[in-house]
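Enquirer: Letter by letter, the chains look like this.
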Amino acid sequence: MSRIAATFAALKQNNRKALIPFITAGDPDPALAVPLMHALAKAGADVIELGVPFSDPMADGPTIQRANERALKHGVSLKTVLGFVTEFRATNGSTPVVLMGYANPIEAMGYEAFANAALAAGVDGVLVVDYPPQEAARFAELLEQRKIDAIFLLSPTSTELRIKEVARYARGYIYYVSLRGVTGAANLDVADVAKKLPNIRAHIKLPIGVGFGIRDAQTARAVGQIADAVVIGSRLVQEIESSSREDVLDNISTLVNDIRSALDR
Amino acid sequence: MYDLPDESGHFGQYGGVFVAETLIEALDQLKAEYERYRHDPAFRAEFEYELKHYVGRPSPIYHARRWSEHFGGAQVYLKREDLNHTGAHKINNTVGQALLAKRMGKPRVIAETGAGQHGVATATVAARYGMKCVVYMGSEDIKRQAQNVYRMKLLGAEVVAVESGSKTLKDALNEAMRDWVTNVDDTFYIIGTVAGPHPYPMMVRDFQSVIGIESRVQMLDMAGRQPDAVLACVGGGSNAMGLFYPYISDEKVRLVGVEAAGHGLETGKHAATLCAGKPGVLHGNRTYLMQDDNGQIIETHSISAGLDYPGVGPEHSWLKDCGRAEYVAVTDDEALAAFHNLCRLEGIIPALESSHALAYAAKMAPRMKADQILLVNLSGRGDKDMHTVAEKSGLKF
Numbered sequence: 004m005s006r007i008a009a010t011f012a013a014l015k016q017n018n019r020k021a022l023i024p025f026i027t028a029g030d031p032d033p034a035l036a037v038p039l040m041h042a043l044a045k046a047g048a049d050v051i052e053l054g055v056p057f058s059d060p061m062a063d064g065p066t067i068q069r070a071n072e073r074a075l076k077h078g079v080s081l082k083t084v085l086g087f088v089t090e091f092r093a094t095n096g097s098t099p100v101v102l103m104g105y106a107n108p109i110e111a112m113g114y115e116a117f118a119n120a121a122l123a124a125g126v127d128g129v130l131v132v133d134y135p136p137q138e139a140a141r142f143a144e145l146l147e148q149r150k151i152d153a154i155f156l157l158s159p160t161s162t163e164l165r166i167k168e169v170a171r172y173a174r175g176y177i178y179y180v181s182l183r184g185v186t187g188a189a190n191l192d193v194a195d196v197a198k199k200l201p202n203i204r205a206h207i208k209l210p211i212g213v214g215f216g217i218r219d220a221q222t223a224r225a226v227g228q229i230a231d232a233v234v235i236g237s238r239l240v241q242e243i244e245s246s247s248r249e250d251v252l253d254n255i256s257t258l259v260n261d262i263r264s265a266l267d268r
Numbered sequence: 008m009y010d011l012p013d014e015s016g017h018f019g020q021y022g023g024v025f026v027a028e029t030l031i032e033a034l035d036q037l038k039a040e041y042e043r044y045r046h047d048p049a050f051r052a053e054f055e056y057e058l059k060h061y062v063g064r065p066s067p068i069y070h071a072r073r074w075s076e077h078f079g080g081a082q083v084y085l086k087r088e089d090l091n092h093t094g095a096h097k098i099n100n101t102v103g104q105a106l107l108a109k110r111m112g113k114p115r116v117i118a119e120t121g122a123g124q125h126g127v128a129t130a131t132v133a134a135r136y137g138m139k140c141v142v143y144m145g146s147e148d149i150k151r152q153a154q155n156v157y158r159m160k161l162l163g164a165e166v167v168a169v170e171s172g173s174k175t176l177k178d179a180l181n182e183a184m185r186d187w188v189t190n191v192d193d194t195f196y197i198i199g200t201v202a203g204p205h206p207y208p209m210m211v212r213d214f215q216s217v218i219g220i221e222s223r224v225q226m227l228d229m230a231g232r233q234p235d236a237v238l239a240c241v242g243g244g245s246n247a248m249g250l251f252y253p254y255i256s257d258e259k260v261r262l263v264g265v266e267a268a269g270h271g272l273e274t275g276k277h278a279a280t281l282c283a284g285k286p287g288v289l290h291g292n293r294t295y296l297m298q299d300d301n302g303q304i305i306e307t308h309s310i311s312a313g314l315d316y317p318g319v320g321p322e323h324s325w326l327k328d329c330g331r332a333e334y335v336a337v338t339d340d341e342a343l344a345a346f347h348n349l350c351r352l353e354g355i356i357p358a359l360e361s362s363h364a365l366a367y368a369a370k371m372a373p374r375m376k377a378d379q380i381l382l383v384n385l386s387g388r389g390d391k392d393m394h395t396v397a398e399k400s401g402l403k404f
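So the sequences go chain by chain: A and B. Quick note: the first sequence uses the working numbering, first residue 4, plus one each step. Quick note: the second sequence uses the working numbering, first residue 8, plus one each step.
Treat the hints as calculated values from the structure; they're not laboratory data. Misleading hints may appear alongside valid ones.
[Claimed, not checked] According to the in silico footprint, chain A covers these stretches of chain B (three or more CB under 8 Å from chain A):
#1 24–31
#2 163–177
#3 283–292
#4 295–301
C-beta atoms are modelled at their ideal positions from N, C-alpha and C, and glycine is treated no differently.
Make the full structure from the sequences, and use the hints.
Expert: And the structure:
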């Protein structure tokens, strides 16, 4: 069983929901990347989504765009990010790590080279925002051969046909984008999400994580009641942006702790 | 028979639909609606009526005799897209997409723009068809192209300054995509070049191919035969694709795309994506890109804002790899020299973009015989470039 599957199985047994925080790797600077990952795990993250910086993050709102720019200023590349995962794995063998990013850094490295490096680093899942399933067959196959989960997005506009197509390739969990827009755009409507999830569950047996627009513990709790996992990105990145270098680890721990307690209440 | 792209929008390994799930439904819908109307007689008739009476087509072909004599060798003909309404080829495409938007019941159109030409062409058709219009433009470009910004505002468009990334065309495109994802129900995204996710590269090519279709008829009328080579500048590549497409199956005609070599390919300060880039994925399609070893998109440079783009239409990438078209590059200085030559010898002020194609024609012509013919796409007029050219000559208004 993969680390992601094992994590979700254990949570289910204990009747708990997964908390999946997202941070952009190397933001605010590379020296804090691995300490931040450990802080997330310690504060109650079940899976860590690690954003791979890209010059043109088309699906992201201003908050995560700025995080990408800060990381890129420090020269953080896909190779650097894989290095962070290797370093994290030296002392944490249990928390799954999912790389989330855009296609071109992977295109530049080459599919096979990337899949091998991700395996060697201890990456558990990969979500490439601009690889929809119809363009990802070969890539997903290479990941599958290495037991790395290819994670795909679904959205409010996904049709039934589309859900079935995603079902063919998706592994690990489904990332349901809760609103029409970019990351961090607005607050999500829990009732809207609740209406869509049964359509997805009818075709896909994987756990469903909901993200985009979850900004506080209360919303996280409400989403936790209908989904299997809650993804929080922009809110954390905003906290990183507004914290001083000295306070950032504490502030992130407090924020993730609060959300964790709300989810478990 | 040339029949690309395939059903899923691929030109060989290029093109495709590389976007987030949130845009898939919108693109599927656009593809279905475009398939429905592209051969619909009523749609075709309205498009042609608008091109004739609003845009002023067909644009003439002009035999540049003095310019040809000056260089010696081949006869150079110019396809006068500069004479279109709004002064460039861009409007052929915006008319087509706006008519489609109207049929799809979308009351709001958005666009990205670099130099502002596509923004002006979009604002123009939005006014013509009574649509709300928002144009995204990098804040750096807004500074460089104040006149076009004002022009868009006069036409009733809202111009939004984009402050992210390099604050230029590629970032404006990112921002337009973000708007589209958010407002997909009532909004039609009018992309200005033959790039982006399928069906855009095909659709923009189809609307622009009026350039090549007219040229084939006009060359027979004027010279009794087709040219030996057709030339066009390539940024994203829409004017080139429009001219090339009807010539692809006519293997006797060379297709030459001219990119911006900026300060010179060896300096790294250029926008010659096909000459010096590598394949990758950006803005919804796989194509040649200007990128570093880590796959980050790098900033480009060209004296002409319309060529200052780190990607290129996927069909050009395909035509390059299969060898059907040749891609070359000329520097800022070579383009400027061609600009001045055409002003003085023919009384035509060309756009700096088109001047790149002229500059390469000036290199090719002397090596050819006097009965050979080059057809250059004069894709736009140079009125918008007065500031840039004057500054280069040490003048200020």
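Enquirer: Each hint needs a verdict: does it hold in this structure or not?
Expert: Quick rundown of the hints versus the structure:
1. Under a criterion of three residues with beta carbons nearer than 8 Å to beta carbons of chain A, the stated coverage of the segment 24–31 of chain B is upheld, 7 such residues being counted.
2. Counting residues of the segment 163–177 of chain B whose beta carbon lies closer than 8 Å to any beta carbon of chain A gives 3, which meets the minimum of three for the stated coverage.
3. With 7 residues having a beta carbon nearer than 8 Å to a beta carbon of chain A, the segment 283–292 of chain B meets the requirement of three or more and the stated coverage holds.
4. Check result for the segment 295–301 of chain B against chain A: holds, 4 residues qualifying (beta carbon to beta carbon below 8 Å, three or more required).
Against the hints set out earlier in the document, no violation occurs for any number.
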